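Number of protein chains: 2
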Amino acid sequence: MNGAQTVIHTLVNAGVDTCFANPGTSEIHLVAALDAVPRMRAILALFEGVATGAADGYGRMADRPAATLLHLGAGLSNGLANLHNAMRARTPVVNVIGDHATYHKQYDAPLESDIEAYARQVSCWVRTARSANALARDTAEAVAAALGPPTGIASLILPADLAWQSSDPPNIPIPRRSRPAAPSSVVDAAAQVLRKNEPCALLLGGSALRGRGINAANRIGQHTGARVLCEPFPARLERGAGIAPIERLAYLSEMAQEQLAGLAHLILVDAKAPVSFFAYPETPSYLVPNGCSVYTLCTPTQDAASALESLAEAAGARQVTAQVQAAQRPDLPTGTLDGDTIGRVVGAMMPAGTIVVDEGITNSVFTPLHTIGSPPHTWLSLTGGAIGQGLPVAIGAAIACPDRKVVVLEGDGSAMYTLQSLWTHARENLDILTVIFSNRSYSILNMELSRAVKGSPGKRALNMFDFSNPTLNFAALARAMGVNAARADTAQDFTRYFSAAMSERGPYLIEAII
Amino acid sequence: MNGAQTVIHTLVNAGVDTCFANPGTSEIHLVAALDAVPRMRAILALFEGVATGAADGYGRMADRPAATLLHLGAGLSNGLANLHNAMRARTPVVNVIGDHATYHKQYDAPLESDIEAYARQVSCWVRTARSANALARDTAEAVAAALGPPTGIASLILPADLAWQSSDPPNIPIPRRSRPAAPSSVVDAAAQVLRKNEPCALLLGGSALRGRGINAANRIGQHTGARVLCEPFPARLERGAGIAPIERLAYLSEMAQEQLAGLAHLILVDAKAPVSFFAYPETPSYLVPNGCSVYTLCTPTQDAASALESLAEAAGARQVTAQVQAAQRPDLPTGTLDGDTIGRVVGAMMPAGTIVVDEGITNSVFTPLHTIGSPPHTWLSLTGGAIGQGLPVAIGAAIACPDRKVVVLEGDGSAMYTLQSLWTHARENLDILTVIFSNRSYSILNMELSRAVKGSPGKRALNMFDFSNPTLNFAALARAMGVNAARADTAQDFTRYFSAAMSERGPYLIEAII
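Chains as they are written, first to last, in this note's numbering: chain B, 37 to 550; chain S, 37 to 550.
Don't read these hints as lab results, they were simulated from the structure. Do not take every clue at face value.
In this list, chains with the same sequence are indistinguishable; a pair is considered to hold if it fits within one copy or across any two.
Said to hold, decoys possible - The calculated lysine to aspartate or glutamate pairs, modelled on EDC-like cross-linking and capped at a C-alpha distance of 16 Å, are:
# : residue 1 : residue 2
1 : Lys-490   : Asp-71
2 : Lys-441   : Glu-540
3 : Lys-141   : Asp-197
4 : Lys-490   : Glu-318
5 : Lys-441   : Glu-464
6 : Lys-308   : Asp-144
These figures come from a predicted structure and were not determined experimentally.
Required output: the full structure, derived from the provided sequences and hints.
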């Protein structure tokens, strides 16, 4: 067994049996090892940002890491933006990054770079392997680091010579550490806050946003009057009929400030105190109102659902039943196609268990409203603000959950970042419907520009956010990569194509001309 | 004047009047400043890797930097791979990277990251601006750092609050430092080596590869018997009829070893001692033969052409005339379309002054042979090994040299990395012909796999380098982004399309099915 085989063996033994790959010569032995270890499923991406985004989607849905296989610093750097999003989502990921042979690095060959320097920016664990016989242990520790708690990104850098040298394949057990409960003293302190009968909110994030945690928070809210809020960009939010509804904090700080106004206490549940996404002149960055106290019920290393259930108990809400969302669907719209009507169609038609990958930016504002009473579904959002995550995340979600429909809501500007993803949708015949909001502009930037500039912005500035000339034809782009596609410019057309996509399996794209 | 206007003003005053941009909210004031400073030409890219690659192409051809406009760490990281290539090419580039407002960084908003940590990996100069009134000086120093010598990448990180604050616009002069001559003692020492009448070669790289330097090296070679070699991946090589031919070192180390075998002396002229691109078991990394002495005539900070002319003089070659390449064109081929016949068509038809951007990987081996006697032209190659540079570099070359035809030789695998470039080809109506070598595989990796694995590689490994299922339709992809395109699968068809592209201006793509 060579070092590469040891790495792949150890990964699958540790439960990491899916690998999103865009390898090169430095990883050639890892690729060759795929035949020695058929339990590893390797999925080819035509760009590293696709591979890392797919690993993010996989980890969010599987609650265990996928591996990536990346080509030196150049390959890692192409994957950094989506690793940044994965880091913000606290997604478990194991990067395996090939490096030059140890003795080759001194020669500063063209692809030489400081891989660790890149990896450190997004990883909770980074190691450059030093010996072929330590590779099983290195790999096992990488998986353990990714699993945490807290979960995160582990990056193992594998010099080519260790990959081709012979290597001991010891069976290293991976310690599975469960998330500890929040200490009862912390739960009791939070209960004290709730009993003050002052304006209070629970802010849920991260792992608190599954059904159990949300429903427990709802019971607390009913009993104590506390409001229940959701962080603005949840990595994974369970919602729909049968789950309590939860109010999401807005992207725009003015709106979030209104949501938070008047609070005397804010209890954080695997969430951070809210801050503005960007800074603006004369607008605060820190959005917690003056005089509002902030308590942390539970950190990312702890079990958020049990913390909330314990708090419900401590706050006296034992007998309270969660007020879950009733099933309701919007009527199908007719007429003009826009973000609102698209949201209605999605809400009216998406099946139970749908995974919505939301990178619709300005046009995604309406869809949550119209899907609130749809059958239970999962919402994955853009956690780190690095656009180009939607199409790749859908890959990983579809592979982690092959029996669930994935619907991607994608801005046209964002889609162009990692459009190569569509080819992997086709190659793996993934059950993904991609909806492109085709408004031919970075419309959120037009909004930001009009906020920033007093008076009307100039022509040359506006031109930077306008990509109407030439027009991109997303349906043709999709077909050219093997994904069947249609263009819709009325609500009726959109409904017809959406309905067809829901009734069939496999990749499909609707370009919504809005 | 606000800080953003000061930055843009200072750039154009320093001769940096072209900016490749993919901005976001943090850069909104820089975008707004484009209307205040109309001398700055801003070119929109739909992905940061396109913007940085374009800046690389521009700097290689203009011999002065373009600016990039990038969105925080996420935007910079998407541009790193092509900045790596630009760094290896020693291309002058000025990155302007927007950051959160200074007071906002403490809140760890979703897009927060350590921008300097990324920038340092590819830059010779990195600065985070600290005061709006220092921005003119910061910007001037960034341009000066990019100009060197040696030329390189300067990265100015601009917090949003400095961009919107009012700012002194002092006129900062940019010191233009010319490259000094190599010391005469060094020239004399090299001449001594040449006079030994032992097997010797000059290895030219970087700025030595313009016509003056190459012709001077040829005169030295004729007079002394020294061979004249070119580094394997030149950033910019002038060649064709009227320029002395030069032997390029091969990518494969076995072949490069043969080229270098028997040398007693190697004289480096703005080049590094040759090393293997990758390491292989039982193959040396350092390719200079045992016992061969290595001399440095000229470093990247010095004037390579004058160093070579001085050496010609010192070596007694004053009277020698350079043996320049005679004009000759290959016959037009018929029949099977492959890398060889494509090279013949290019050699037969490309006009004088063509800029060839070469990312054809395995299929580009033949084109240099068939273009050697074509009218004088410029060759830009993949300097850093980070694929995805061809289509973006073409943008910058076409903007720097609007009167010259640009021909991109592009592998299909590489094309998919930064395919969004084609939209900018169309939007700016650039005179670029893109030739896609469509063989539906990472064929260089198949070659490397067969070298790495004893016996035949397994099916699952081979599957990682095969993207035939589904087939990518590059002509359709191009048209969907506004670039007219055709597919060719015979030499005759390819000739017809190539000929049409040479006789017209504007973007075009030929998908060569090989």
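- Message: Treating 16 Å as the Cα threshold, decide for Lys-441 and Glu-540: within, between, both or neither.
- Response: For Lys-441 and Glu-540, only the intra-copy Cα distance (10 Å) is at most 16 Å; the inter-copy one is 48 Å.
- Under a CA distance limit of 16 Å, which applies to Lys-490 and Glu-318: within one copy, between copies, both, or neither? Within one copy only: 14 Å inside, 66 Å across.
- Query: Under a CA distance limit of 16 Å, which applies to Lys-490 and Asp-71: within one copy, between copies, both, or neither?
  - Reply: For Lys-490 and Asp-71, only the inter-copy Cα distance (13 Å) is at most 16 Å; the intra-copy one is 62 Å.
- Message: Regarding Lys-308 and Asp-144, is the shortest C-alpha distance of 16 Å or less found within a copy, between copies, in both, or in neither?
- Response: Close across copies (10 Å), not inside one copy (42 Å); limit 16 Å.
- Item | Homomeric proximity label, Lys-441 with Glu-464: Cα distance no greater than 16 Å | Within. Shortest intra-copy distance 14 Å satisfies the 16 Å Cα cut-off; inter-copy 40 Å does not.
- Message: One pair to classify: Lys-141 and Asp-197, alpha carbons no more than 16 Å apart. Within, between, both, or neither?
- Response: within (11 Å within a copy, 41 Å between copies)
Every hint, counting from the list given before, is met by this structure.
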